[in-house]
Structure formats: structure tokens, C-alpha cells
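Those sequence lines, one after another, are chains A and B.
Numbering-wise (the numbering used here), the first sequence opens with residue 17 and increments by one.
Numbering-wise (the numbering used here), the second sequence opens with residue 142 and increments by one.
The set of hints was computed from the structure by calculation and includes no laboratory data.
The structure displayed is predicted, hence computed values, not measured ones.
Built from N, CA and C at the ideal position, the CB exists for glycine as well.
Errors might be hidden in some of the hints.
[Unchecked claim] Covered by chain A, according to a simulated footprint, are these stretches of chain B (three or more residues, beta-carbon under 8 Å):
#, segment
1, 305–319
2, 335–346
[Said to hold, decoys possible] Not close to chain A: a few residues of chain B, all C-beta gaps over 12 Å, as computed:
#, residue
3, 154
4, 158
5, 225
6, 232
[Unchecked claim] So the derived list for chain A, only partly shown, Cβ under 8 Å to chain B, looks like this:
#, residue
7, 33
8, 40
9, 69
10, 70
11, 72
12, 73
13, 100
14, 148
15, 150
16, 171
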Amino acid sequence: MKETIPGGAAWSRIIRRGHALRLDAVADGANVSLLAYAHPQTLERLCIPDTLKAQMAVRITAPMVLMSDCGRALLSLTGSSVGWHDAITGHSTQPQVARRFGASSYQGDRNDQRLAARTGLLDELTKHGLGERDLHACVNLFTKVVPGDDDRGGLTYAPGNAHAGDWAELRAEQAVLVVLSTAPHPLDPSDRWSPSDVVATIHPVGPAAADDASRTFRAESARAIEQAERWIA
Amino acid sequence: MDRVTAPTLDVEVPAGDGWSGVITAGTRFRIVDLHGNQAVDTLFYDAHNHANRYSAVDTIREQGAVYLTTGSVLRSVRLDPLATIVDDTCGRHDTLGGACAQESNVVRYGEHTRHQHACRITFSRLAHQVGMTTRDLTHNVNFFMNVPVASNGDLHFADGVSAPGKHVELRAERDILILISNCPQLNNPCNGYDPTPVQLLAWAS
Numbered sequence: 017m018k019e020t021i022p023g024g025a026a027w028s029r030i031i032r033r034g035h036a037l038r039l040d041a042v043a044d045g046a047n048v049s050l051l052a053y054a055h056p057q058t059l060e061r062l063c064i065p066d067t068l069k070a071q072m073a074v075r076i077t078a079p080m081v082l083m084s085d086c087g088r089a090l091l092s093l094t095g096s097s098v099g100w101h102d103a104i105t106g107h108s109t110q111p112q113v114a115r116r117f118g119a120s121s122y123q124g125d126r127n128d129q130r131l132a133a134r135t136g137l138l139d140e141l142t143k144h145g146l147g148e149r150d151l152h153a154c155v156n157l158f159t160k161v162v163p164g165d166d167d168r169g170g171l172t173y174a175p176g177n178a179h180a181g182d183w184a185e186l187r188a189e190q191a192v193l194v195v196l197s198t199a200p201h202p203l204d205p206s207d208r209w210s211p212s213d214v215v216a217t218i219h220p221v222g223p224a225a226a227d228d229a230s231r232t233f234r235a236e237s238a239r240a241i242e243q244a245e246r247w248i249a
Numbered sequence: 142m143d144r145v146t147a148p149t150l151d152v153e154v155p156a157g158d159g160w161s162g163v164i165t166a167g168t169r170f171r172i173v174d175l176h177g178n179q180a181v182d183t184l185f186y187d188a189h190n191h192a193n194r195y196s197a198v199d200t201i202r203e204q205g206a207v208y209l210t211t212g213s214v215l216r217s218v219r220l221d222p223l224a225t226i227v228d229d230t231c232g233r234h235d236t237l238g239g240a241c242a243q244e245s246n247v248v249r250y251g252e253h254t255r256h257q258h259a260c261r262i263t264f265s266r267l268a269h270q271v272g273m274t275t276r277d278l279t280h281n282v283n284f285f286m287n288v289p290v291a292s293n294g295d296l297h298f299a300d301g302v303s304a305p306g307k308h309v310e311l312r313a314e315r316d317i318l319i320l321i322s323n324c325p326q327l328n329n330p331c332n333g334y335d336p337t338p339v340q341l342l343a344w345a346s
């Protein structure tokens, strides 16, 4: 499966275990705000706090495992041309988009209407019987926001983190519902609405081997993958 | 600040236990770390619409900083202010570390911890008492917990910056439902390896 997701759009797919979702940025400055749920039991969902504390990181980088709130691997970031993907600053909301880029409506802009990530994600979640109660901290693929070493952990958006041709690949460690938006990150200072298209490819890669880099990354990563493998006995 | 008026709420939450209650708009709500280094896992909801719940990442982004302290506005998924931290003798609180669970304990520490008590059990029990389910649980605040992050991308759990008698005080910005799990975690320094009781106090506006 290969298709182009326009910039500023929302999209969802169910990815089978042992298949990978590859996302290729078409233009500079792409952002993909990504949510993930176990399929079909969507009560189990991506838990960024558990993912970060188990792997002692404040950002997502290959070969980290994205863990659910049930202690099981959902996805592994098996590779990426980008070394830092944000996971602590959430996604854009409609009031913020209106403040930054001006009011936008279907009547005025037709299908170039500027929709925030939140709007698109909720539209897409609704298709799966999900909604606001199912929101969780997203991964912002291709975006870098650095916490300072000061007393407050002050945030700095890092411009130029991703360019045309950059990519990230996520392997499903169980059947996973992925819901994503390609709207700009809310801390991106650009005042011109030009979100990058992203090409999504789903292809079989096989489950994590015994010596897989995501499994051997840390003992915690290995246990999360193992718990996913053992869950359905 | 010391208060001359009697509090409208004064309860002690035992180690590993929980508490929930509705705090009306304008009320001051204080958590006292009686014995020091005790993580207090806390969730906030709009009391009249539980879907409009605390959002850690929206709170972090809107304040432009990772740690919570005096002046921090705790925001909902709709970016509504739920509460503001108005007094803090500890100085730093976490909202990235989440709540411990039996399942995350297995991931972090191994199979032998599977049946240990965990915050998520307390949160689930409290949620069900007020008509919510685990679907309504989200990323929480950890008062008095120290989770330093670094510009190189590192994060770790460190010894607490809290001490006996330190407190944090919130002002409810609307009627809010609060769920508290007084953390039972024994496997990392978040409770100094010795969970202890905390005190909850409130004063009406």
C-alpha cells in the first residue's frame, strides 16, 4: 500500500503485526502527529509517559519501542533519517491555527481549509467509534522541541529538523490502529500555511527477530515486545 | 501561607491509598508531603464534563516548560484552565512520568513486580466510583516527584527534591474533580523507597 497524505490532512489505517508503516516527507518542515491504539481493543493505547520512562528518554528516536498503557509494544521506530521526534508538546488546535494563520472556512477556502491536527484527529477517531476521551499524548514525527537544562525545563523549538526526503519507519508489534494528522506543529514559528505532504507506505517486514535492534535496545524494550507477543496465548 | 480559617477539607491519605472529590471554583486545595519524597499522582477533570480532562502535553506546551511550579496553569484537552499552582514550597513537580501500573512495572523491573500494588489500580477504582472507566484515565501530574530531563534527550527518575512538610497549593479555576493516588511504588526513588501518608487541605474562596 502506498499513498500520499496531503499536508494538513488526517488519516488512519490498521497495520498488521510484522508490517511496517513508512512515512516519507515530501517537503521541508513536515510534521506528523501520530496516535496509536491496539486493534481491535482500542482501550489499550499509546502511553508516552510509560514509553519515555522505560527507555529513559524525553524524545523518540530509533530504535525505541512505543509502548501501550498495558505494558505492551505497539510500534517500534525501526529506523529514521531524523534523530529526534517530539512526544511532549501535543498537537495543534483550531484556535491556535486561527490565531497563527487567520480564519479559515470551507466556504472561503474549500478543501484548502486550514484544519488543526485536533480537528482532523477527532474526525478520524470518530470513524472508529472513538473520540475526545481516547486522546493521548501524540508522537510528533519530524519535529524537535528541546527541553532546556534550566530550572523550568524551558522548551525551544528546533527549526530545520526535517527536510524533503526525510523518513521514519514504524513496525507494528501487534495489530495497531494508527491515526495521524499532517497539520503543522503548534510551536513551528512559520506564519505561512504550507504543511508538507507525506507519503505513507505499508509493507511486510516480519516480526522482531531475536537480535532485532528495538528488542536489544534496552531490557525494558525487550520486555515490552515480549509482553505483546505473549498477550494472546 | 498559614491560614487562620479552618479548612473545609482536612484528610490524611495513607500510603498506597487514594482520594477523590469535587473542588469548587475558587477553592484553594493544598497537598502536604508529610514525611517527604512522596509522589502524589493526580488527575483533574472538569467536574461537569469529565471528557474535558487534564492534558499534560497541552499544559507543557502552553507554559513553554516541562516542570510544574507556582504559576503553572493546569490545562484541559480543550485548553481550559482547570487549576493554577499558587503556592509551592517544593519547587518542581513532574507531569511526564505518568502513573505506575502493574504492566509498566513488569516492563521496567521484571515479572516479579506484576502483582505489586500500583497507582493505576487506585485510579481505576476511583474512576469507577464516579461513573468513569479506565478510558477516562490520562497522563497525570506527579506532585513532589523529580523527573529531570536534559537538552541531550535524556530523562530519569531522581531522588526527590521534596522534604517533610513541603506543600503545593492549587486554586480551582472551575469546578473540578480530582483523583489522587498516593503512590505505592517501591522500585524507584520516587517515594524514597518508603511510601508515606500525605495530607489534603482545602479552603473555600
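A quick look at each hint next to the structure:
Residue count for the segment 305–319 of chain B with a Cβ under 8 Å from a Cβ of chain A: 0. That is fewer than the three needed, and the coverage hint is violated. Counting residues of the segment 335–346 of chain B whose beta carbon lies closer than 8 Å to any beta carbon of chain A gives 0, which falls below the threshold of three, so the coverage claim is violated. For residue 154 (chain B), the shortest C-beta to C-beta distance to chain A comes to about 22 Å, beyond the 12 Å cut-off, and the non-interface label holds. The claim that residue 158 (chain B) lies off the interface holds: its Cβ sits roughly 22 Å from the closest Cβ of chain A, which is beyond the 12 Å cut-off.
Every CB of chain A is more than 12 Å from the CB of residue 225 (chain B) (nearest about 16 Å), matching its label as outside the interface. With a minimum CB-CB distance of about 8 Å to chain A, residue 232 (chain B) fails to clear the 12 Å threshold, and the non-interface call is violated. Using the Cβ-Cβ criterion of 8 Å, the hint placing residue 33 (chain A) at the interface with chain B is not satisfied: the shortest such distance is roughly 19 Å. For residue 40 (chain A), the interface hint is violated, since its Cβ never comes within 8 Å of a Cβ in chain B; the closest pair sits about 24 Å apart.
Interface restraint check for residue 69 (chain A): the shortest CB-CB distance to chain B comes to about 5 Å, inside 8 Å, so the restraint holds. A cut of 8 Å between beta carbons decides the hint on residue 70 (chain A): the least distance to chain B is about 5 Å, and the hint holds. With 8 Å as the threshold, the beta carbon of residue 72 (chain A) comes within range of chain B, its nearest partner Cβ sitting at about 6 Å, so the hint holds. Taking 8 Å as the C-beta contact cut-off toward chain B, the hint placing residue 73 (chain A) at the interface holds, the least distance being around 6 Å.
Residue-level restraint check for residue 100 (chain A) holds (minimum Cβ-Cβ distance to chain B is 7 Å; threshold 8 Å). With its C-beta approaching chain B no nearer than about 5 Å, residue 148 (chain A) sits inside the 8 Å limit, and its interface hint holds. Nearest Cβ of chain B to the Cβ of residue 150 (chain A): about 7 Å, under the 8 Å cut. The hint holds. The beta carbon of residue 171 (chain A) is positioned within 8 Å of a beta carbon in chain B (closest approach about 5 Å), and the interface hint is therefore held.
Going down the numbered hints, you'll see the structure goes against 1, 2, 6, 7 and 8, while the others check out.
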